[in-house]
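Starting from the structure of chain F, add chains A and P where the hints point.
Residue numbers (this note's numbering), protein chains in the order written: chain F, 1 to 297; chain A, 1 to 289; chain P, 1 to 444.
In short, the hints are calculated from the structure, not lab data.
Note that the structure is predicted; figures quoted are calculated from it, not measured.
Idealized CB from N, CA, C, for every residue including glycine.
Careful, some of the hints might be misleading.
With a cut-off of at most 30 Å between alpha-carbon atoms, the simulated DSSO-like pairs for lysine-lysine come out as follows [claimed, not checked]: (1) K34(A) x K438(P); (2) K55(P) x K366(P); (3) K292(P) x K189(P); (4) K366(P) x K224(P); (5) K427(P) x K250(A); (6) K329(P) x K39(A); (7) K229(P) x K250(A); (8) K247(P) x K160(P); (9) K39(A) x K437(P); (10) K250(A) x K138(P); (11) K250(A) x K437(P); (12) K69(P) x K250(A); (13) K55(F) x K254(P); (14) K298(P) x K55(F); (15) K229(P) x K39(A); (16) K438(P) x K250(A); (17) K306(P) x K254(P); (18) K39(A) x K438(P); (19) K115(P) x K372(P); (20) K138(P) x K69(P); (21) K353(P) x K298(P); (22) K274(P) x K55(F); (23) K247(P) x K177(P).
Some but not every residue of chain P turned toward chain A, in silico, with C-beta under 7 Å [what the hints assert, rightly or not]: (24) Q82; (25) G85; (26) A86; (27) Q107; (28) G259.
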Amino acid sequence: MSAQRFDTVLGLQQRRSPLAVIIKIAVYTLMVLVFAGPLIGLLIGAFSHVVDPTKFSLVPEGGFTFANFGRAGERRIWNYLFNSFVVVGFGLALQMLVSVFAAYSLARKRMRGASILMLLILATMMLPEEVIAVPLSVVLADVPPFGIVDPGMRVNLTNSYLGMILPVGAWGFSILVMTEFMKEVPIELEEAAKIDGAGDLRTFFFVILPLCRPALGVIGVFGFTMIWDQYLLPLIVAVDYTHWTLPLALRSLRGDEEVGIGVLLAGTILAVLPSILVFLAFQRQFVRGLTSGAIKG
Amino acid sequence: MPRRRFSAVPWFFLAPALILLLYFKFIPMAQGLKMSFYKVRYSGDVWVGWENYATVLTSEAFTSAIWHTVILAAGITAGSIVIGLVLALLVEGQARHLWFIRTAAFLPVVTTVAVVAEVWRIMYYPAEDGPLNSIFGWFGIGPQPFLANENSSLMSVMAMGIWKGAPYDMMIFLAGLAGVDRNLYEQAAVDGANVWKRFTQITMPALRPVFFIIFILAAIRGLRIFTEVFLATNGAPNGSTEVLMTLIYKLGFQQGELGVAAAGSIVLFAATVVLTVGVQLLRRKERDT
Amino acid sequence: MMSRRWTVAVTIALAVVVTGCSKTTPPPTNQDPGAPIEIWIRQAPESDSHKTLIKMANAFTAKTGIQTKVTAIFDGFETKLQQQGAQHALPDVVINDTAQLGNMQLQGWLREIKKSDVPGSEKITDRAWAAAQASDGKFYAMPFSAQSFLLLVRADWRKKLNLPEPKSWEELASMAKAFTDNDPDGNGKKDTYGFVIPGGTERGYMSWYASSFIWGNGGDFVAKSGEGKWQPAINNTKSVEAVSWLKDQFCAQKTVNPGAVNNNTTVTHEVFEKGQGGIYLVGPYVLARFVKSMGTDKIEAIALPKGPSASGPGTLAEGENVYLMDGSKNQAGQLKFAEFAASVEGQSIGMNKDDPGAIVRLPVNKDVDMSKVRADARWKVFQDFYNTAGVYTPSVPNWAPFRQTTADAINAVMANCGSDVRQSMDKLADQLGAELKKQNVLAS
Numbered sequence: 001m002s003a004q005r006f007d008t009v010l011g012l013q014q015r016r017s018p019l020a021v022i023i024k025i026a027v028y029t030l031m032v033l034v035f036a037g038p039l040i041g042l043l044i045g046a047f048s049h050v051v052d053p054t055k056f057s058l059v060p061e062g063g064f065t066f067a068n069f070g071r072a073g074e075r076r077i078w079n080y081l082f083n084s085f086v087v088v089g090f091g092l093a094l095q096m097l098v099s100v101f102a103a104y105s106l107a108r109k110r111m112r113g114a115s116i117l118m119l120l121i122l123a124t125m126m127l128p129e130e131v132i133a134v135p136l137s138v139v140l141a142d143v144p145p146f147g148i149v150d151p152g153m154r155v156n157l158t159n160s161y162l163g164m165i166l167p168v169g170a171w172g173f174s175i176l177v178m179t180e181f182m183k184e185v186p187i188e189l190e191e192a193a194k195i196d197g198a199g200d201l202r203t204f205f206f207v208i209l210p211l212c213r214p215a216l217g218v219i220g221v222f223g224f225t226m227i228w229d230q231y232l233l234p235l236i237v238a239v240d241y242t243h244w245t246l247p248l249a250l251r252s253l254r255g256d257e258e259v260g261i262g263v264l265l266a267g268t269i270l271a272v273l274p275s276i277l278v279f280l281a282f283q284r285q286f287v288r289g290l291t292s293g294a295i296k297g
Numbered sequence: 001m002p003r004r005r006f007s008a009v010p011w012f013f014l015a016p017a018l019i020l021l022l023y024f025k026f027i028p029m030a031q032g033l034k035m036s037f038y039k040v041r042y043s044g045d046v047w048v049g050w051e052n053y054a055t056v057l058t059s060e061a062f063t064s065a066i067w068h069t070v071i072l073a074a075g076i077t078a079g080s081i082v083i084g085l086v087l088a089l090l091v092e093g094q095a096r097h098l099w100f101i102r103t104a105a106f107l108p109v110v111t112t113v114a115v116v117a118e119v120w121r122i123m124y125y126p127a128e129d130g131p132l133n134s135i136f137g138w139f140g141i142g143p144q145p146f147l148a149n150e151n152s153s154l155m156s157v158m159a160m161g162i163w164k165g166a167p168y169d170m171m172i173f174l175a176g177l178a179g180v181d182r183n184l185y186e187q188a189a190v191d192g193a194n195v196w197k198r199f200t201q202i203t204m205p206a207l208r209p210v211f212f213i214i215f216i217l218a219a220i221r222g223l224r225i226f227t228e229v230f231l232a233t234n235g236a237p238n239g240s241t242e243v244l245m246t247l248i249y250k251l252g253f254q255q256g257e258l259g260v261a262a263a264g265s266i267v268l269f270a271a272t273v274v275l276t277v278g279v280q281l282l283r284r285k286e287r288d289t
Numbered sequence: 001m002m003s004r005r006w007t008v009a010v011t012i013a014l015a016v017v018v019t020g021c022s023k024t025t026p027p028p029t030n031q032d033p034g035a036p037i038e039i040w041i042r043q044a045p046e047s048d049s050h051k052t053l054i055k056m057a058n059a060f061t062a063k064t065g066i067q068t069k070v071t072a073i074f075d076g077f078e079t080k081l082q083q084q085g086a087q088h089a090l091p092d093v094v095i096n097d098t099a100q101l102g103n104m105q106l107q108g109w110l111r112e113i114k115k116s117d118v119p120g121s122e123k124i125t126d127r128a129w130a131a132a133q134a135s136d137g138k139f140y141a142m143p144f145s146a147q148s149f150l151l152l153v154r155a156d157w158r159k160k161l162n163l164p165e166p167k168s169w170e171e172l173a174s175m176a177k178a179f180t181d182n183d184p185d186g187n188g189k190k191d192t193y194g195f196v197i198p199g200g201t202e203r204g205y206m207s208w209y210a211s212s213f214i215w216g217n218g219g220d221f222v223a224k225s226g227e228g229k230w231q232p233a234i235n236n237t238k239s240v241e242a243v244s245w246l247k248d249q250f251c252a253q254k255t256v257n258p259g260a261v262n263n264n265t266t267v268t269h270e271v272f273e274k275g276q277g278g279i280y281l282v283g284p285y286v287l288a289r290f291v292k293s294m295g296t297d298k299i300e301a302i303a304l305p306k307g308p309s310a311s312g313p314g315t316l317a318e319g320e321n322v323y324l325m326d327g328s329k330n331q332a333g334q335l336k337f338a339e340f341a342a343s344v345e346g347q348s349i350g351m352n353k354d355d356p357g358a359i360v361r362l363p364v365n366k367d368v369d370m371s372k373v374r375a376d377a378r379w380k381v382f383q384d385f386y387n388t389a390g391v392y393t394p395s396v397p398n399w400a401p402f403r404q405t406t407a408d409a410i411n412a413v414m415a416n417c418g419s420d421v422r423q424s425m426d427k428l429a430d431q432l433g434a435e436l437k438k439q440n441v442l443a444s
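With the rest of the complex left out, here is chain F (with noise of 0.2 Å):
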């Protein structure tokens, strides 16, 4: 007689009498109906005719319409929308590279004082936007020291995308995960390439980099949420309405005095969409980087 088999602590799957199959299914559904219900409501939301909070529900009420959207157009919602990809765009890139390249000189080069930037990097990772906010703003605004020199030289970054770009250029997380993975290229192949004549910056772009590829795919994709969920920040940036990212109109959507709750439906469907596309377009690479970021601490 061989061992009981076992894929899970509880074996849940191999119980398989109607009675345990049912209690699984309405196990199943209750799980998927508290984690997800409320964004279906949401998304279905967003599409009816709804007006105050009591016609919330998992139901369509009054028919399927563009017309919130409309409206929120009228609200500006695709110059917030853009404003949030110009943001995410162009922040990503910048993180990114900035990540491989800061990777690139601490998992490779060796020099002096790595071990401090790299504990200096790290403890970058406990200095969130959050605990930085008040100074940041004044920093942000007089930017150093141009406007110390020479006040007509003043650099005031709020109101620009690059006050919220800048800020997360350099993300300690991409850098970590950056840095482990490349310790772990083999130098062999690195060191063909310099044999063969190539420069640093060819050796990096041609050689490492394609090699790093599944390390790109999670601060790739662990930057983008990083980024999309910003609120403080260009709280802090955006002075008016012209700057806004989308996650900030959807406050003033609410309290918005003419239009109804519809409106901060399709706000919220389209702020919540790119950041779920992204994930189930990039799975695996998000769970890696959960665990992988996560078990390294």
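For chains A and P alone, kept in the frame of chain F given last:
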């Protein structure tokens, strides 16, 4: 061993990261440290020494905000861990439908925080026919005020945090569970252990390091919770959900008390550092023994 | 080895601190009479009001040649302003609530305005000038717009139930009761209420709403007691009577729309439009909207009757001022804008006829002929009521915390029907006293 000579190359590669971190992390940090010792005013800053810190640590607004933050962080952390673990156990396995359920349950994690707050504001609509109250009604539970009442508001924000936090923990637990040696289960079964014994004697010990990581990540996130609270209640009703970050935001950006706000931020930073380092030390000690 | 690392770390840290610490005082601003004027207004971006201001600013540019840049911010307006202050980058002109004057003046953001510097200042009503005066007696703003609160009532309901125009609180209460019980919309369902009330605590709405009743009964939040000194008055008999009357509507008569204690004005406007209630105490700024969405026959404007203990009527008056901010590169241009905004031409553009988006609700310039600009006679009711009964919020240094504290306390009374009004108001009076003390204006 090649001789060490100064090379500009590594610094060239590092420069962008260092410059950005300098400008948007270290300089603001230093600026914040400086501001925390000043009464910051439009007409000119005045040195006040430790006064701002005294305000932070003694004023009623701050002590209750710190208290709320700790309750919220602890509640969200514990709730997410427990529910996340249960969820992980339920959806562990290779079957295709489990993958679907895992994905569906994971959606709150990738949902933008601002949207989470808006969705739950709607779910929590306190009228009798509000979405959640309608569901409560089916079970004969009367309408709840949720965010609108100071007795239930903090709990409601906590539930919102758990909704977003539990699936995240679930995913990490799943990764941990995948690493548990299946042979141990089989041996235990041969020895006649039931599900509970298997769980407590094999699974839990194997998940130990995972608990540490989840705990520290969740606790740090919890301490600096801002957007959820800012959008869901902004501290209302009657200050019952005021957390450290919303208070700092109000003081710094609405009441112009930038010095006190900066001091509050430094205290928050110190708490984060102490927590992180403390848990790391504990973990190291645990590993050594 | 270790110690050297630390030396490096400390050096870096010090370098950072040194670069971080430097700015202390704002640089002196050099004047440039051609510099454009940046104008901020607390209105939703792209709203009708925003467009009205742009129209006005363009007229100003056409007249003076000074360019303008109009910025509309609604959510977090004060927050943004605060941030600009911290960054020493204030806009040139801010159009904002009269109640914000103390707050802004205390922070040193405002330029003093001498009436003699502004041609046409004598045309501005005294009531409006009073709302531009800080607790030090000087003027820190140019009056721009005024409004009073009165009752918008469903004329069709009142006609159907054959009710008289209420002349006392008693009659008002019975009208509300009739609207609640007697099916004024005739759909056979008991789905209507008397009052619709934005009774939430957000931005202090409950305080805002209750103030008209408190002043309308001769009560007060804080009462003046000597020059520049105040003491709490929210627990005096008249104030308590007014709050009790309101609580009666919420709890005993149940004539208030459900959920009112959680609602802001956005929701309440909709509740009124949907016909869930028939009496809305509100400012004139929504008149055009309701007329458009509900039909002109359904709306009538009725002055809030005086309370049982009042000697005369009273209601919340507020308005907007044009504030000239510190640190402008074009101070002459600032003054010119203030002059234009209060002129007959500026005011008329701001009133925007009978259309939504009036940034001047009631004109502050005596020369403006209301009936020439607006055809809707209901505006006149608001104007008259403002002139005879308007009460501005007390000119304590900073009214904002008072509004929030009173909103929280009064909201709690309405939300919790078991509460004791007297006790709650006594407790509130203590809180108001503490705030007065904090602002150094508590009468001893």
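Which of the listed hints are not met by the structure? none
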